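Chemist: Letter by letter, the chains look like this.
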Amino acid sequence: MKKLYFVILCLLAFGMIFGSAIAADEDTIYFGVNYELTGANPIIGESAIKGVDMAVNEINEAGGLVVNGKSYKFAYKALDNGFNTDESALNAQEFADDESIVASIGPNDSDMCMATQAIACGDGLPMISPWSTLVELTSCEYYFRACFTDTFQGAILANYAYNYENARTAAVLYDMSNPYNEGVATRFSEVFKELGGEVVESQTYNGKTGEEDFTSQLTKITGKNPDILLMPNFYEEIVSQATQARDMGYKGKFLGSDTWVDTSLLEWDTEGLLEGSAVVGHYHKDIASDVALKFIDNYHKIYGETGDPNDIVALNYDAVYLLKTAIENGQSFERKAIRDSLANIEVYEGVTGTMTFNNGNGDPTKSAVIMKIVDGKFQYVDSVTP
Amino acid sequence: MLLQQFINFLQLGSIYALAAISFSMVYGIAGLVNFAHGSVFTIAMYLLFYASTLLFKITSATWGVFVLSLMIASLGTSIVAILMERIAYKPLRNAPPISVVVSSVGVGMLLEYLALNLAGSKAKRMPNLIPDITIDIAGTTIPLFKIMIIVIAFIAMIILSLLVRKTQLGVAMRAVSQDKTAAAFMGIDSNRVITYSFIFGAVLATIAAGLYGSAYSIFAYNVGDTINWWSFIAAVLGGIGSIEGAVLGGFILGGINVIAPMVLPVSSYKDIVAFGVLIFVLLIKPTGLLGKNAAEKV
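Chains as they are written, first to last, in my numbering: chain A, 61 to 446; chain B, 3 to 300.
Among the hints, a few may not be true.
[Unchecked claim] With a straight-line cut-off of 16 Å between C-alpha atoms, the simulated EDC-like cross-links for lysine to aspartate or glutamate are: (1) 268(A) x 227(B); (2) 311(A) x 331(A); (3) 133(A) x 388(A); (4) 294(B) x 246(B); (5) 137(A) x 106(A); (6) 345(A) x 442(A); (7) 268(A) x 273(B); (8) 133(A) x 87(A); (9) 124(B) x 327(A); (10) 124(B) x 106(A); (11) 137(A) x 157(A); (12) 268(A) x 146(A); (13) 268(A) x 171(A); (14) 133(A) x 113(A); (15) 124(B) x 118(A).
[Said to hold, decoys possible] Quick partial rundown of chain B residues pointing at chain A, CB under 8 Å, derived from the structure: (16) 118; (17) 220; (18) 222; (19) 224; (20) 257; (21) 260; (22) 270.
Keep in mind that the hints were calculated from the coordinates and are not lab data. All values derive from a computational prediction rather than experimental measurement. From the three backbone atoms N, C-alpha and C, an ideal C-beta is built for every residue, glycine too.
Given these sequences and hints, build the entire structure.
Modeler: See the structure below:
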């Protein structure tokens, strides 16, 4: 009898959980967000949610989505993928099966995105990754991104190293367990060699095992004494890697990819080891457009932080607006129509620059910025247009 | 370069060894594979971070801060370990071993997510707990913290081994680990001894955390996952339940981590080597390198 009560109690509890879930509302249009809220890099999900919240609130305050003369409230359903590929795919499937979801944003990490790619195409759910620069991602016609690609980024870094820093020898240290890191490192090496430079050492580690000791790889790199060392890895690993490189006697400069761009990196670098390093980023407030300035200002008002919003906040904000633009351009909430409309966005003025999607795939044509770490700040150096 | 690599090996080996000892000791005495061990390590990291950050506001004496924050953090983790043992393990002492393992996994996750919710997802930078000085040995510059990590780890191991060999409590611990029932007949309160083993485990995990934090300053709430994993492997490799085995296992893993990338063409193959060695050793000696064969009583 006790067991029976227990079962009934459980059923009641489940009923309450599901009963309280958002009831479908005809005047509200939902998109899914599939974010890295927990797991190895929860800061990604935290930043992403900030960007989405800002955009959704702004859109609703300005009257929501206007389709066929009627205005709709814009809202999202969030699922946590735990920085885990299996859960990313499960979340994507859940969105694909939920008819109230018109499209989905995220994941941000390339590895997580690739796990959802088959569902985007197989089930025909348009997806926008705000931050994944992995080239293969948009080979599926339902996948879009709000950022540039690894090919573009790797080439910029190689050009910078060769032409701005006059580096002739370079080394790379990257996490081989993530296609993003590998993609940037590979493209950098290709272009650096084409330019006439030499990649003297290429060392890897497995970030999935939570490795924190890179000394043996760095000893090999330091032994070759390269002019510049590229570390296209997540920013939480960078200070450890730079400290260990200097401890091993590395004297050259460091070079970083867009994963570096977060003010925490500079806060942690208490010894100024990263001074003079260059990174590629998505926007910089020194060359910010009116859209970007308004965004930075609002961010400070809402979150009251002294630091500026990082690239992830900005790109997720842009991703929501891309979706809004696509829906309003196409005047439809149908998934196929949204996809077609996304693929034909001619001009979208975003926080991270002007984007154009008429080149036949899900990659926007947009520019990148080169920044240098000077006096503990990301200082604007140059913009690169494709 | 060779000297540098040797120091790196000792440094990594020391941290693994310390972490593995506490894993192994709890298993030896309480007969429990404590997968919450990594989370105790995580809590130690956070306590050290908060304690040292606060203390550095009052004083700039690095060594004083280091020792004092180690003491504060040890106290904190000991309390956590005692509570953990009382609430999640003691009531299960006569339950099937698998229930206790699952319980420990549960406790581990609970503590990890508690850390995430209390401290936030953003990674922290541990303040420099060891003065930032480099010293010259035979023309190679070695940061002082590397030497100190090795020295402190060895001191901790020596104190522990004296404690286990020379004190009454140590005798009681060894007795309980050999035979709980017989030890009880000799008037040993095995519950008390088990509690002590959890306290020692927590203190060792805290020291390991202090050293880890000095070597790799950035950490987040999931820092214990790696330690949990490697210390478990080190303990099994050396023979789980044996303190000497845990030390040996820790240094073997440290050695593989440092030597394999030097020898192999692709440095990330080292994990394959580490697990290969583990399987090879277990095939030849299923109880681990220094493990004793448990005599089955019929």
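Chemist: Each of the hints needs a verdict: does it hold here or not?
Modeler: Right, here's what the structure says about each hint:
1. The suggested pairing of residue 268(A) with residue 227(B) holds, with an alpha-carbon distance near 11 Å, which does not exceed 16 Å.
2. For the hint pairing residue 311(A) with residue 331(A), the CA-to-CA distance comes to about 15 Å; that is within 16 Å, so the pair holds.
3. Proximity of residue 133(A) to residue 388(A) is assessed by CA-CA distance (about 13 Å); at most 16 Å being required, the pair is judged to hold.
4. A threshold of 16 Å between alpha carbons decides the hint, and for residue 294(B) with residue 246(B) the separation of about 12 Å falls inside it, so the pair holds.
5. With a CA separation close to 15 Å, the supplied pair residue 137(A) and residue 106(A) stays within the 16 Å bound.
6. Taking the CA atoms of residue 345(A) and residue 442(A), the gap is near 12 Å; set against the 16 Å cutoff, the hint holds.
7. With a CA separation close to 11 Å, the supplied pair residue 268(A) and residue 273(B) stays within the 16 Å bound.
8. Between residue 133(A) and residue 87(A), the direct Cα distance comes to roughly 6 Å. Compliance with the 16 Å bound is thereby established for this hinted pair.
9. Under the criterion of a C-alpha separation no larger than 16 Å, the hint pairing residue 124(B) with residue 327(A) is consistent with the structure, at around 12 Å.
10. For the hint linking residue 124(B) to residue 106(A), the alpha-carbon distance of about 9 Å falls within 16 Å, and the restraint holds.
11. A hinted pair counts as satisfied when its Cα atoms are at most 16 Å apart, and residue 137(A) with residue 157(A) qualifies at roughly 13 Å.
12. Under the criterion of a C-alpha separation no larger than 16 Å, the hint pairing residue 268(A) with residue 146(A) is consistent with the structure, at around 14 Å.
13. At most 16 Å may separate the alpha-carbon atoms for a hinted pair to count; residue 268(A) and residue 171(A) meet this at roughly 11 Å.
14. Using a Cα cut-off of 16 Å, the hinted pair residue 133(A) and residue 113(A) holds, with the two alpha carbons roughly 13 Å apart.
15. At most 16 Å may separate the alpha-carbon atoms for a hinted pair to count; residue 124(B) and residue 118(A) exceed this at roughly 27 Å.
16. Annotation: interface hint on residue 118(B) holds; nearest CB of chain A at approximately 7 Å, less than 8 Å.
17. Against a cut-off of 8 Å between C-beta atoms, the interface hint on residue 220(B) holds, since the closest Cβ of chain A lies about 5 Å away.
18. Here the hint on residue 222(B) is kept, as its CB sits about 7 Å from the closest CB of chain A, short of 8 Å.
19. A distance limit of 8 Å between C-beta atoms decides the matter here; for residue 224(B) the minimum to chain A is near 6 Å, and the interface restraint holds.
20. At about 11 Å, the closest approach between the beta carbon of residue 257(B) and any beta carbon in chain A exceeds 8 Å, and the interface hint on this residue is violated.
21. Hint status for residue 260(B): holds, given a least beta-carbon distance of 5 Å to chain A, under 8 Å.
22. A distance limit of 8 Å between C-beta atoms decides the matter here; for residue 270(B) the minimum to chain A is near 4 Å, and the interface restraint holds.
The structure is inconsistent with the numbered hints 15 and 20, although it conforms to all the rest.
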